[in-house]
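Top line first, the protein sequences correspond to chains C and R.
Numbering follows our numbering, in which position 273 of the first sequence is assigned residue number 273; successive positions increment by one, without gaps.
Numbering follows our numbering, in which position 356 of the second sequence is assigned residue number 356; successive positions increment by one, without gaps.
It is worth saying that the hints were derived from the structure and are not from the lab.
For each residue, glycine too, the CB sits at the ideal point set by N, CA and C.
Careful: at least some of the hints might be erroneous.
[Claimed, not checked] Computed footprint of chain C on chain R; a stretch qualifies when at least three of its residues, placed anywhere within it, have a C-beta under 8 Å from a C-beta of chain C:
id	segment
1	17–24
2	129–142
3	249–263
4	348–354
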Amino acid sequence: MIEFVNHIFSHLINSLPITRLLVVIGIMVVASIIILMFVLLYEGLATYAERKVAGDIQARIGPNRVGPYGLLQFVADGVKLILKEDIIPFYADKWLFVIAPYIVFTSSFAAFVPLSYSSHVYVADMNVGILYILAISSVVSMAILMGSWGSNNKWSLIGGMRAVAQIVSYEIPTVLSLLAAIIITGTMSMRGIIEYQSGGLGIFRWILFNNPFVFLAFFIYFISSIAEVNRTPFDIPEAESELVAGYHTEYTGMRFAFYFMAEYGDMFIVSAIAVTVFLGGWQIPFIAGLHINTWLRQAIEIVVFMIKIFVLIYVMMWIRWTLPRLRVDQLMEMSWKYLTPIAFFNLIGSSVWVALFNGKGIYDIFRGLFIH
Amino acid sequence: MTQVDERFMYVNMGPQHPSTHGVLRLLLKTDGEIVEHATPHIGYLHRGLEKIAERVTFPQFTPFTDRLDYLASMNCNLAYALTVEKLLNIEIPRRAQIIRVIMAELNRISSHLIAFGSFSSDMGAFTPFLYGIREREFINDLFEMVCGNRLTYNYIRIGGVSKDIPDGFIEKTKEFLDYFPAKLKEYNEVLSYNAVFVKRLANVGVITTDQAIEYGITGPNLRASGIKWDLRREEPYLIYNELDFDVPVGKGEMGTIGDSWDRYMMRIYEMGQSARIVGQCLDMLPQGDFTAKVPKVLRVPQGEVYVRAENPRGELGFYLISDGSIKPYRLKIRAPSFANLSIFPLLAKGVMVADIVALIGSLDIILPEIDR
């Protein structure tokens, strides 16, 4: 799709320098608006889904008044949040307080850029895709600390300190688990990783099934990614029953909504990385090799990619409405004593596997045994 | 002005904190996440109930006892009625006694359900809270049938109960007893033996046997410390000596005897025992009067008496002095939560902020009773 767009604008780009600049800026603005629309729609529906999932688990109904089945509830929420009074505490550090939610949201939003939604639909194919996402989403910890310090509220400050401790700790097992997988593919580009997993009926060459170490790495990644997005059982930075919502205690209306949207955005991002790196991205299970119309194929690929992501998001919601919250020291213990060592073990194991079997996964090795 | 030690941070937990169960204010002196000292400040809800007692007649004070422990109004009514009846020295019809036991035990279940639910919500698991509310709804319906109220039940009166149980009450109660044990099992599956939950509570806030006696702790909190003391067994009132039920004591199943998990678990066990009691009472319910003959203008003979009853939170005692008039001369209320809270500063030393929440929840205090 991007090639197509590039083709249309290519002669414009190659004309006068000033036109070229304007066209580039125009493309950037249009592209960001498209992504923003997608992100906002997804986030709205995700908040709706969260409440429906919670309703199911808690034996109640969930929203059902605004629109059919309460589907427009998120629009009503948006209107409500916009109309709410914007309160800035008198003794707050106003500059930090005001800017923090936007930084959180921006870093979450920017992480949508290198994702590959299907074989032809993507915004940018960076050769450092995963590194970029990990780097840009780490800004969240700084922004949370800014907001919590700026609030001039002790509970918020504790929340902010917890957030930084947690996000920094869990970044390590996350990155190590991803590295274990990236060693196999030999690329950090999101498209490259997904294309590596093609074939094998669209499921057996998933990196998840490549070797036992990456299989384990997937679970390590998933657990630590839940901690990265601050959700139960790792929601200690906000911990409403301990810290009274922690770092966003003092935020109201749209500023609060930005924090909230960033959380749902991050859920999508970490699930998308998990799907891309371990679960074959947009590879269609079982009919991957089938010859179908290109446009239809793109559509199916997008749907498959989304379904895989939403399954993971559903699991996160399910966990959230089931488990109690860990204590901060237990959380650190889990990261440093269990997840990080196992992640290192996976990294080494996966590297040794790649060296021993020349980069072949279990599926390829078995195939090699029977088909010569 | 007192000197403030700058190494520590002073934070107020409450009175509006979600986990301080009403209007408790804890002044925490913390070193980061570690609590150095916690001082409970009470009195935000003071209503002067003991003074009011001196201004109203004996029967007129009954509705005020509803508001003592608003989650166990029946039990508070009962304890007050028993106190006045002891001075009056009147015989209560057997039917009334059994109805009273049924109500007291149903109310014990409903109170423990709230304790269970709010505790789980303090621990970050919101779903079990709604499960507890769901089952309590059933009991609320039963109480609404007998007295028309859903929170501050005012049913037990001096001399008996206000009116006979309505048609269909027995069937509906039996229905509840059939349905409830399965729910208790569900609670254990979803929360009690959950690894995160156990890890949060085992060995946290241990009250040793000696400490429990020293601080005058009663009820499930005392029994969790390994002391088999239940007023229903030790000083039987009504028909409790005819009933077959166990008194669960803390065994340190997951850690030390008297830790927060034991205190939590006591309530789960007691709900099962209360359901047993209600079942037996329904079977032995005779025909007869629901109240003794009590004059409209009640004159209580001169004298003083102390009567205590086993409430969901422990020993509720009324020390009543009568000068022979229609009003109490002096009424001192011994509230179980007050004694249970008194040990809090001892337990809170050196724990983490998240444990403070666990401690308050596991002690199951109720503020209207403490402040009176």
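For each hint, the structure was consulted:
1. Against chain C, the segment 17–24 of chain R contributes 3 residues with a C-beta closer than 8 Å to a partner C-beta. That satisfies the three-residue criterion, and the hint holds.
2. Evaluation of the coverage hint for the segment 129–142 of chain R: fulfilled, as 3 residues show C-beta separations to chain C shorter than 8 Å, against a requirement of three.
3. With 0 residues having a Cβ less than 8 Å from any Cβ of chain C, the segment 249–263 of chain R misses the three-residue criterion, and the hint is violated.
4. For the segment 348–354 of chain R, the stated coverage by chain C is satisfied: 3 residues place a CB nearer than 8 Å to a CB of that chain, which reaches the threshold of 3.
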